[in-house]
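Engineer: Letter by letter, the chains look like this.
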Amino acid sequence: MDAIRTIPATHYLNNGHGLASWLLTKDHKRIAIMYLVTISFFFFLGGLMAAGIRLELATPQGDFVAADTYNKMFTLHGVIMVFFFLIPSIPAVLGNFLIPPMIGARDLAFPRINLLSYYLYLVGGMFTLGAMLSGGVDTGWTFYTPYSAAASNTSVIPTALGVFIAGFSSILTGLNFIVTIHRMRAPGMTWFRLPLFVWAHYATSLIQVLGTPVIAITIVMLGVERAFGFGIFDPARGGDPVLFQHLFWFYSHPAVYIMILPALGVMSELIANFSKKKIFGYSFVAFSSLAIAVFGFIVWAHHMFVSGISVYAAMVFSFLSFSVAIPSAVKVFNWTATLYKGAISFETPMLYAYGFMGLFAIGGLTGLFLATLGTDIHMHDTYFVVAHFHYIMVGGAIMGYLGGLHFWWPKMTGRMYSEFLSRISAILVFVGFNLTFFPQFIVGYLGMPRRYHAYPDEFQVLNVLSSAGASVLGLGYLLPVIYFVYSLKRGEVAGPNPWGASGLEWEIPSPPPTENFAVIPRVTTEPYEFTPHVARERELV
Amino acid sequence: MHAHAAHHPALQHQFQTMSQQKESAVLGMWAFLLTEVLFFGGLFMAYMLYRTWYHDAFVLASTSITIFWGLLNTVVLIGSSLTMALAVRSAQINQRKATVMWLIATMVLGTVFLGVKVIEYADKFEHHHVPGPEYAFIEPGHEPIFELGPHGRELLERNSAESLNRTTQIFFSLYFTMTGLHALHMIIGIGLMCVITWMAWKGRFSSEYYTPVEMSGLYWHFVDIVWIFLFPLLYLIDRS
Amino acid sequence: MSVFGIPIFPEQASSFAKDVDALYFFIVAVSAFFALLVAVLVVVFGVKFRRKHAGEVGARIEGNLPMELAWSVIPAVIAMVMFGWGASLFYHLRRPPAESMNIYAVGKQWMWKFQHLEGQREINELHVPTGRPIKVTVASEDVLHSLYFPAFRTKIDAIPGRYTQLWFEATKPGTYHMFCAEYCGTNHSGMIGSVTVMEPAAYQNWLAGAEGGTMAERGAALFSQLACNTCHLETGQGRGPSLKDIYLKPVELADGSTVTADEAYLRESILNSQAKIVKGFQPLMPTFQGLISEEGLVSLIEHIRSLSPNASAPGAPAAAGAAGAASPTGATNQTPGTVR
Chain A
1 MDAIRTIPAT
11 HYLNNGHGLA
21 SWLLTKDHKR
31 IAIMYLVTIS
41 FFFFLGGLMA
51 AGIRLELATP
61 QGDFVAADTY
71 NKMFTLHGVI
81 MVFFFLIPSI
91 PAVLGNFLIP
101 PMIGARDLAF
111 PRINLLSYYL
121 YLVGGMFTLG
131 AMLSGGVDTG
141 WTFYTPYSAA
151 ASNTSVIPTA
161 LGVFIAGFSS
171 ILTGLNFIVT
181 IHRMRAPGMT
191 WFRLPLFVWA
201 HYATSLIQVL
211 GTPVIAITIV
221 MLGVERAFGF
231 GIFDPARGGD
241 PVLFQHLFWF
251 YSHPAVYIMI
261 LPALGVMSEL
271 IANFSKKKIF
281 GYSFVAFSSL
291 AIAVFGFIVW
301 AHHMFVSGIS
311 VYAAMVFSFL
321 SFSVAIPSAV
331 KVFNWTATLY
341 KGAISFETPM
351 LYAYGFMGLF
361 AIGGLTGLFL
371 ATLGTDIHMH
381 DTYFVVAHFH
391 YIMVGGAIMG
401 YLGGLHFWWP
411 KMTGRMYSEF
421 LSRISAILVF
431 VGFNLTFFPQ
441 FIVGYLGMPR
451 RYHAYPDEFQ
461 VLNVLSSAGA
471 SVLGLGYLLP
481 VIYFVYSLKR
491 GEVAGPNPWG
501 ASGLEWEIPS
511 PPPTENFAVI
521 PRVTTEPYEF
531 TPHVAREREL
541 V
Chain B
1001 MHAHAAHHPA
1011 LQHQFQTMSQ
1021 QKESAVLGMW
1031 AFLLTEVLFF
1041 GGLFMAYMLY
1051 RTWYHDAFVL
1061 ASTSITIFWG
1071 LLNTVVLIGS
1081 SLTMALAVRS
1091 AQINQRKATV
1101 MWLIATMVLG
1111 TVFLGVKVIE
1121 YADKFEHHHV
1131 PGPEYAFIEP
1141 GHEPIFELGP
1151 HGRELLERNS
1161 AESLNRTTQI
1171 FFSLYFTMTG
1181 LHALHMIIGI
1191 GLMCVITWMA
1201 WKGRFSSEYY
1211 TPVEMSGLYW
1221 HFVDIVWIFL
1231 FPLLYLIDRS
Chain C
2001 MSVFGIPIFP
2011 EQASSFAKDV
2021 DALYFFIVAV
2031 SAFFALLVAV
2041 LVVVFGVKFR
2051 RKHAGEVGAR
2061 IEGNLPMELA
2071 WSVIPAVIAM
2081 VMFGWGASLF
2091 YHLRRPPAES
2101 MNIYAVGKQW
2111 MWKFQHLEGQ
2121 REINELHVPT
2131 GRPIKVTVAS
2141 EDVLHSLYFP
2151 AFRTKIDAIP
2161 GRYTQLWFEA
2171 TKPGTYHMFC
2181 AEYCGTNHSG
2191 MIGSVTVMEP
2201 AAYQNWLAGA
2211 EGGTMAERGA
2221 ALFSQLACNT
2231 CHLETGQGRG
2241 PSLKDIYLKP
2251 VELADGSTVT
2261 ADEAYLRESI
2271 LNSQAKIVKG
2281 FQPLMPTFQG
2291 LISEEGLVSL
2301 IEHIRSLSPN
2311 ASAPGAPAAA
2321 GAAGAASPTG
2331 ATNQTPGTVR
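Chains as they are written, first to last, in our numbering: chain A, 1 to 541; chain B, 1001 to 1240; chain C, 2001 to 2340.
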């Protein structure tokens, strides 16, 4: 084994030097690295906002920053984390890097559009940063009218424009993935031989292509109302602010699945590869991704149970919302069953996978409280909701992202990171996360509304716990920056397949050459094949 | 590096064959058009809701729009779809000059459409039919500035000027947003076609490779179809 | 309820608080069961099937259709129980009983203004009696707000341009939180107050302190101030339809359809008078959009409601004491509680 643990002479990282070779690259791997750097920057910014929020909430009085500043902080935290970190995170970094090698292709179908998509994301981000520097925006990431259209006197339009532009980046990424997965699969790579990571990205891409344009047009309608005095949602002219909410959530609920589905895909890879075993019920897991994507489009109004929608509409949407719970539950049970009689080892990515299972289960189960009409009336817009979606979007999506990053880091860079530090980081993230967000379930059921700058005294203890947890969580997130950067030069050489994992991406050198494959492979086996004689057959063919 | 022998100069490195490349482009374009359908879909949703809520205002506002210009533009746009289809056909059968000519014809028709749109918008500005503080659909106590049939008159009489001046703003907000975004798509289409025309002039296309012409054609037809929905919704339905 | 002085569970102060909590604990139990099941299984498998040597691979198991169907169908059935339970509770929570007592609330940046039928007006405070259903009709003067009473387990958004409503029956005297739950700008977190639940007799005493007449009287004053009374004659001979006995009755319109004369219809007819013309009348009435405050509007509606003595829900008449006594919780002690 050790004999092949070398860095190849030419690979995508040293094929071309200088800034232009990066900024004008059409190589999906380099674009993925550019995304990695940029989204890390936005994650850091969003994290700073979160730190500010938690500092403010450590005391009930609202004495750290002024109310307006606080409102701008949580708005930017939401906007940056949702649109500039979570939505691009796994697809644009890991998906971009891995989908072509996983399906045996040299690149995505449209490399130039891939680069365009990166720049759209960057320009969108710059608009939002500009808005932040020119005084910020205080509408909340949901931009609800009429506050955003008429009452707020902050930089709503630049922020919304930034989101609009970044939306096109997301659409183009999804479109590229759909075409790539349809048309670029290597000979023998049938749909049911695709890694589940690819299935998850296919489902995600469908949402990106079908959902994102709706938020785009909603932002246009909000923009013309604010900029030109048009009156589409203006109640004074007979417009309906609730229509905005319908249109907004028609995208923004499925957007949650844009964040979590790729993480579910990463999970399937991690569970299979670290238990050296086929995924239990491959087709159930694959179709559950599609089911989540499809059902995700018909549940949006569960964000509006107290927004004056009719009792019967609420019942229909409550019923449909439970339909999403089933495919999510199926995934968790299938992963659990995959572990049964596996050969399990606990390197860092698997620690993240275990953490994910716990947090995603809690996040999913607490969703039941909010889909249930009788309890949602009380919990809606409280910290219970905040805790719930952070369990999904941070506990789920970011754990999946970090797990995936630790798993494929040796593939991306050719080197290993410190196993010791990374395990510590995984544990810190898990503990810190629970300490931060579990108390919020309790304070939410007590009735503390979200987006509160100051709050009644009796909620303080739980808020202090949460703020303390946030500092542990922050430390857990900072640690990887250190050992990842250190590994770039000093890390142990990984070789093509340090984990003994299955999948086409592990059969090419680390880091891969620009073209990925010198010869397009021919696929003859099912995914997640670890049994030696079957795996050997593939080499012989 | 490539395993395959002599290949077409337009074949990009990530594809194995020309047909794979073309199929990818076609699928990508259709997926993009699907995105566009949902983009306009949000506006149609809003239109449907408000039309049922403010039926009288929508009917009257729609009656106030001059049908002639809309009809003219419909004819112009359908004509441009024909010239576009002929451009694709010419590229397919290796007729370079005809391709260029038909593309230019399409651009000219597209520009005519936009010119008519400018006339229409200017008219709206002049009559204060643009939503905002200056807006005035009906002056209380004055005759409307547009022709009304007997049913329209009935609608006008059962609604006060104040209420019409409020709710017709929603119609015109949607009118300007919908036609404005449609016009923006036309402008993008014309820009796209300038590039394609130049490429065609340079002889980049042949019966083996004319995907860019075909894709611009798909886009152009889509923009045309959007208008085919906008025209009846904004100008025609229930005119009275 | 609190542990080590840390509150962990909100006060139950309305008739359906315990119903909501029962459903909550049911879902907590189901969630805990599944979360623990998965946690125990993954930990046990993680220990038991730990990789022993480098070349070891897992057993070849492709899947098991009956098992997968089982763990799709069983959660689906449990989810349907939650749905049904939640929906029936919601139906109850969203439909005020006919005999509810009316209170009007208006949200504006950044305060809650309440009006009682008897004329009492309050800001960021609300006084209600125990033992009778109370319907709060909510309006907004500017942006979205949401009226939230955690101790009653209910909330509803205030939406500019329309009325929404919630109801509750307070059961336990005391003072509880009132929040704005929908983000509404700078001082959103300052848009809070308290709801004081009183024994019916104490509530009557409190009401007696009202000044400036009842809400209906204020509405009547506004009615003549705006000269509504010059057309809307009670005899029906005026240029506008008579408003006597119309509340919650069907009204036949000029276009042949009928609507129910509820709050939403009355509001629309005042603000946008030509939207629905009553059959047999000319569209002569001016619109009052922008001329009447939300508070004025609800007093007008209350005045019109008072013209329909048979249809309207009672205000807080002398019978309130009897109603309170009839309630099982009416006899609880009256020590004012602290803010929970």
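The reader is advised that the hints may include incorrect statements.
Claimed, not checked - Chain A regions said to be covered by chain B (calculated; three or more residues, Cβ under 8 Å):
{"#": "1", "region": "95 to 108"}
{"#": "2", "region": "207 to 216"}
{"#": "3", "region": "235 to 243"}
{"#": "4", "region": "311 to 322"}
It should be emphasised that the hints constitute simulated quantities derived from the structure, not laboratory data.
All values derive from a computational prediction rather than experimental measurement.
Glycine is no exception: its CB is placed at the ideal position from the N, C-alpha and C atoms.
Engineer: Decide, hint by hint, whether the structure agrees.
Structural biologist: Verification of the hints:
1. 95 to 108: holds (count 5)
2. 207 to 216: With 7 residues closer than 8 Å to chain B, the region 207 to 216 of chain A meets the three-residue bar; holds.
3. 235 to 243: Coverage by chain B holds here, the residue count being 6 at a Cβ distance below 8 Å.
4. 311 to 322: violated (count 0)
When held up to the earlier numbered hints, the structure conflicts with hint 4 and nothing else.
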